[in-house]
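Colleague: Please put together the full structure from these sequences, using the hints given.
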Amino acid sequence: MDIESISPAKVIDTNELQTSPLYEYQVPAGFPSPATDFAASEVNLHDYLVKHQAATFFVRAKGDSMIDGRIQSDDLLVVDRSLEAKSGNIVIAALDGDLTVKQLKIKGARSWLVPMNPKFSPIELKEQDCMIWGVVVYIIHKSYP
Amino acid sequence: MTTFALCDCNSFYVSCERLFRPDLHGKPVIVGSNNDGCAVARSPEAKALGIKMGEPIFKIKDIIKRYGVTVFSSNYTLYAAISHRVMSTLEQFSPAVEVYSIDEAFLDLSHLAFIDSLKNYGFEIKSKVAKECGIPICIGIAETKTLAKLANHAAKQYPKTGGVVEINSEKIRERLLKCMPIDEVWGVGRKLTKKLQALGITTAYELANLPEKYIRQQFNVVLERTVRELNGESCIELEEHAPAKKQIISSRSFSKRITDQAELAESISSYMSRAAEKLRQQHSRAQQVNVFIRTSPFSDTPQYNCGGSFSLPHPTSDTRVLVHVAKGILDTIYKPGYLYAKAGVMLANISELSFDQADLFTPEIDTSKSQQLMTVVDQINRRFPKALFLASTGTNQGWQMARQHLSPNYMTDWAEIPLVRL
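These protein sequences, in sequence, are chains D and B. Under full-length UniProt numbering, the letters of the first sequence match residues 1 to 145, in that order. Under full-length UniProt numbering, the letters of the second sequence match residues 1 to 422, in that order.
Treat the hints with caution; some may be incorrect.
Derived lysine to any residue pairs resembling SDA-like cross-links, with alpha carbons at most 25 Å apart [to be verified]:
1. D:K51 - B:A415
2. B:K128 - D:K142
3. B:K160 - B:K178
4. B:K131 - D:K142
5. B:K131 - D:I140
6. D:K126 - B:G26
7. B:K131 - D:H46
8. D:K142 - B:A415
These are computed hints drawn from the structure, not numbers from a lab.
Modeller: Here it is in structure tokens:
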């Protein structure tokens, strides 16, 4: 280790070590706030959107195949990997090496990834080339330009 | 009776990169070390191509090209975020967890030891981590930590096990020890391996059957403890809280050679800021500051290697003071005309925050104001990484690590979260 070869260096003037003064805002003396004992932390959107902290991911959607599912390009999706994907769920799937958003439809032993836009056709799933990556639990859409 | 499970992520760095890149599943992938120097993580497909651990990347350029190996620079921000999730998922399975490294943890399962087979519990843990965190892991379960390590190794090595191995009978223990070379035993390093091999001891089984007295005479109590553990006697407890570090080192090689003192000072300032942050994280203060700079021992240019240290009158964790001292040391050790390749800082003589050996004759530097300021700085930087830093660390940082193949910070930066196709 390099550190072992260290030899003592010349002494540095310790007077230089004093740090510069720090100005603090002073609270004026007076009547104490009656609210101090009732302070609680404000509601937090993360608490609302994230149920399983270690299994939740945020992804950004691009494209127009899910218009009828109310997902638009640039929307933020909250994805929970801990949920079991059921028929009708909107899911993130790894399809042909890409992450994609579609609706999952299961009928008996067969299942499909269904785009929610009549311009696109459903894709039947064969296990070898598709993996369900997670279930979309919230769609966050910005309504102000 | 004790029972431990060792949970170890498979090719962790590669698995982290592949989580967001499904196109890379089943393909050869490697992750490079700092400055993209050598391979520090390999996917099974990359291992199959004969790429060794620690192999310099420039040496395997041809293989990378011919087989289309994907190379990533180490993205520690991403790995730390995923590691944190894996660990918190593991915590749901045991009241006591020891995070042993970024990708391994020991779980205390002693409270479940009455169950005949913990293997199913192991599979439950494995599938939960795979599903929720997206990271494949292997699990070894046994009465001692050393045996759990070996069981884990077997789980990794033999795919037939499904990634979970439990040592719950004498027969299994014996069979496993017989097929494990001694250098796979936890705590048996390279030196010890050579010494044991010279004595004709090549398997864990042979090591476990050496007489205790002989080991104590020929080796030391540490190896004796290992042997006891191999024989099922638990000697190493679970350490839930990592002990505070006695030394904190922060050092790196530069992406290019540096000659200028001002640039060196920037790097020293930056490394010291990081070291001071670590110091505050473990609620300690340091009294001794060490700084070193050196040229590359692998080049033909003139060599220079020097370090300096300084003892402060009072221990402190104030970045401003520590950086000031470090730069003072640099002044005394810097010599112009050399091509510097690496620099580093070390904080030593570390004490807990509550303990202070006062020096009557020098003014106190670690006031409560300074502590408050550092706390605020740390809080802000935790929310907005690298938002606040001393001007002396520089804003250009041309010496920073070369990381040409860095993946996006998928989990820690809004601008870099994964894109999914609609």
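Colleague: What hint numbers does the structure not satisfy?
Modeller: 2 and 4
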